[in-house]
Amino acid sequence: MSGDRRVQADSPAVRWALGAVVLLLPELGAVVSFLGTVSPVAVGVTAAGEAIPTLLSRETIPNQGVFVPGSGWQGPFMGLSPALAWGLRVALVYAYAGAWLAWLWYGYRLYRREYRTAGWTPRDDVIDRFRTHRWGQFGLVVVVAFFVLALFAPTLGPTTMERNVYEPFSYEITTYDADAGEIRSVTVGQANLDSISQGEPDRNVGPLSYDRYGRFHPFGTLPSGQDLFTAVAVGARISLFIGLLAISISGLLAVTLALVSAYYGGWVDLAIVLVSDATQSLPQLLVVILLSVVFSGTWIASLYSGGVLLAVIFALTGWPSLWRAIRGPAFQVAERRWVEASESFGVPPGSTMRRHVLPYIVGYLLVYGSMNLGGIIIGIAGLSFLGLGVSSPTPEWGRLVKIGQPFVTSVSWHIAVIPGLLVVIVVTGFSALGDGIRDAIDMKTDVGEETETSTAASGAGG
Amino acid sequence: MSVPVVWLGTTATFAIIRLGPLNPAAAIVGPVNSAQAQERLARIERQLGLTEPLHEQYLGYMIDLLTFDLGQSWVVFPGQETVSLLATFGPRTVWLGLWSVLIPLFVGIPLGIYAGLHPNTKRDYAASVGGIVWRAMPNFWLAVILLALLSLTDGLFFWNGWESFLVETRLVGAPDLSNLTDPTGFLRATKQVLPAAFVLGSASMGNELRLSRTAVLEIINENYVEMAEAIGVSRRRIIGKHVLRNALIPLIPIITSEAYLLVGGSVLVEVVFGINGIGTLFFEAMTAGDLPLAGSLMYVFILLTVTINIAQDLLYTAIDPRIGYEGER
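Listed in order, the protein sequences are those of chains A and B. If you're matching positions, the first sequence starts at 1 in my numbering and goes up one per residue. If you're matching positions, the second sequence starts at 1 in my numbering and goes up one per residue.
Simulated from the structure, these hints should not be mistaken for lab results. Some hints here could point you the wrong way.
Unchecked claim - Just the calculated beta-carbon pair ranges, DEER-fashion:
no.	chain 1	residue 1	chain 2	residue 2	range
1	B	MET227	A	GLU335	49 to 57 Å
2	A	THR60	B	ASN120	47 to 55 Å
3	B	GLU218	A	PRO201	50 to 58 Å
Virtual Cβ for every residue (Gly too), placed ideally from N, Cα, C.
If we strip away everything but chain A, and leave its shape as in the complex, we get (with noise of 0.2 Å):
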């Protein structure tokens, strides 16, 4: 866009295109690494991008550091407390995150006011009814604070989990001995026996505290010490990871099978409809501990910790749902007359299906498929309270409710706590905007039925 001459240079396009690179900009080095570790071509990228600095990183803003009696803080960014200099980070990253899409939603104002031809399309009402729902907004609110939440996970977190978690003995971090008065260093993983929280006042870390080391915790200490943040963060990342691939699979699979029962109906359909009704009488969540465990040794479940694993599996055992939800509404566009008259005009079965039907199931699939997102979430969770699915090392979020359960009465219980209180929200998130997204679609007059939408996430799946 920005490369072509014929545009003028004062068009809004430009300008907008510009202040995308200028957003841009802060954290280059982080997307230029990102894609270098994605594509197998450029190995020289992932070096080169973590080379140019990247301004929301904990690089810039430290928040480790010694306190030194009499001269304070020394390390943390700018002299303040680790505390602060973790939320200046964290409002950072939430602030740059905020920022894009505030950019975002200029653009598609203005890309509606100068280039659009059109002067009202029907999109426009979906927009504006949704702008109007608060339900809605407060879900779509909470879903983009999981997603920077996880997108932004090795920068939030208080420390690194390769520091943390991962190879605890490798790192250092430098504490003031007040005995010797003097500054000395300790590895992380000495310091990390000495921040455990196992349930008596003397053996707990908790929420928005510091450990003896100077360092602090906003969401506690696990009982091995590590830091809760971290591994709620990074849960995030690996929980969103496997709910989005499943849903992706599911509703792929869930679209190709509604087209294709709407499109020839009668024994195709019904035979879809046997397997989809005997993929639910098996109950799902015992499906999945079923194939997780059968599966658990191939190289499958070796990737990505297992997760793309869980993915397959809850997209296989969870597509009927989806495609029942969009079956009706397949039929009902099927039996348009625009796809007759496609049809009579010699176009392909495919590419009937893709133009003329599928742009109206594909709001359907949007308001199902996030609500069977946040009933994925709390699966997966339920799966690693029992230990199985996500691998050990990986924090998960079940997992940390699991090794939280024995201190739940104790002063530890923020273990089990936070963790479960932030899948609750999560879940609530995902249905209030599958709510908020389906009342501004305004299923009603577009087809003509309205299905019960409720059962979709629930808490009985873990």
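Based on these hints, arrange chain B on the given structure of chain A.
This is chain B only, laid out in the frame that chain A set:
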């Protein structure tokens, strides 16, 4: 319709267990590092019929299921017949399931009706939002928190704490179902599963709250309700006779369909509350590598869900004459 569903479901289970990457016999034996283990592996393989060709295995498996010959347990309770295990473990799960269907009925629906009768008030919002949040709670977490709260109640609530409230029970453990006819025995068995049933029913409670609220809201705006109001029928009578009765019709099939969600959910709740029912048995069979037992249990679960589905369809046709079998879409 239900016969092919059962057939497909069991075939899928067969495929997962026999064709999956995990050899059932190897899972039973564990690591094979000695000649003895090697010999045992071969023996179990022969006993399970794994050495036969696949189609014969499949045929044998299907005939066994049809004649309800569910085989035996290999690891968890070595040598015990699956059917006798079901007889010991099953009643506890059924008892738990029964209460977890009943509790939401008596809490969710009245709250929903109350919210629907006072629409858009603060209490309505509180009930509705509460229902949604309640539904979003993971069962296992709710169970952990509820256990913690109940163990903290000593001297605060329930007079002297939950364990000694009314009858003496332990917080965690299986209910004693041997003397249900005796009032104390009944009370004790009920109280034992009550927290677990409360957790297991929590999701249905939220759903029922929401659905009964919508139903009441829809019906209260119907013409016949307005008509009754106009001719001076008292409000109490309108609600009791016209609103409630009609609002409950769409709820009944939903209640049965939720009964089948409980089948899966029972695993987690039983594990947390230490109720050794079928859910715990399945979980133990899975973690111990007792695949034949797990497969048989899966068959029982499939039968259970299909039966519930059939019962739901029958209820549907019995209650609402407008619904028949031909117009299913």
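Exercise. Starting from the hint 47 to 55 Å, judge whether the C-beta atoms of A:THR60 and B:ASN120 obey it.
Key: holds, 49 Å
Self-check item: Cβ distance range 50 to 58 Å for B:GLU218 and A:PRO201, holds or violated
Solution: Cβ of B:GLU218 to Cβ of A:PRO201: about 55 Å, so the range 50 to 58 Å holds.
Quiz item: Should the hint that B:MET227 and A:GLU335 are 49 to 57 Å apart at their CB atoms be regarded as holding?
Solution: violated, 37 Å
In terms of the numbered hints stated before, the structure departs from hint 1 and from no other.
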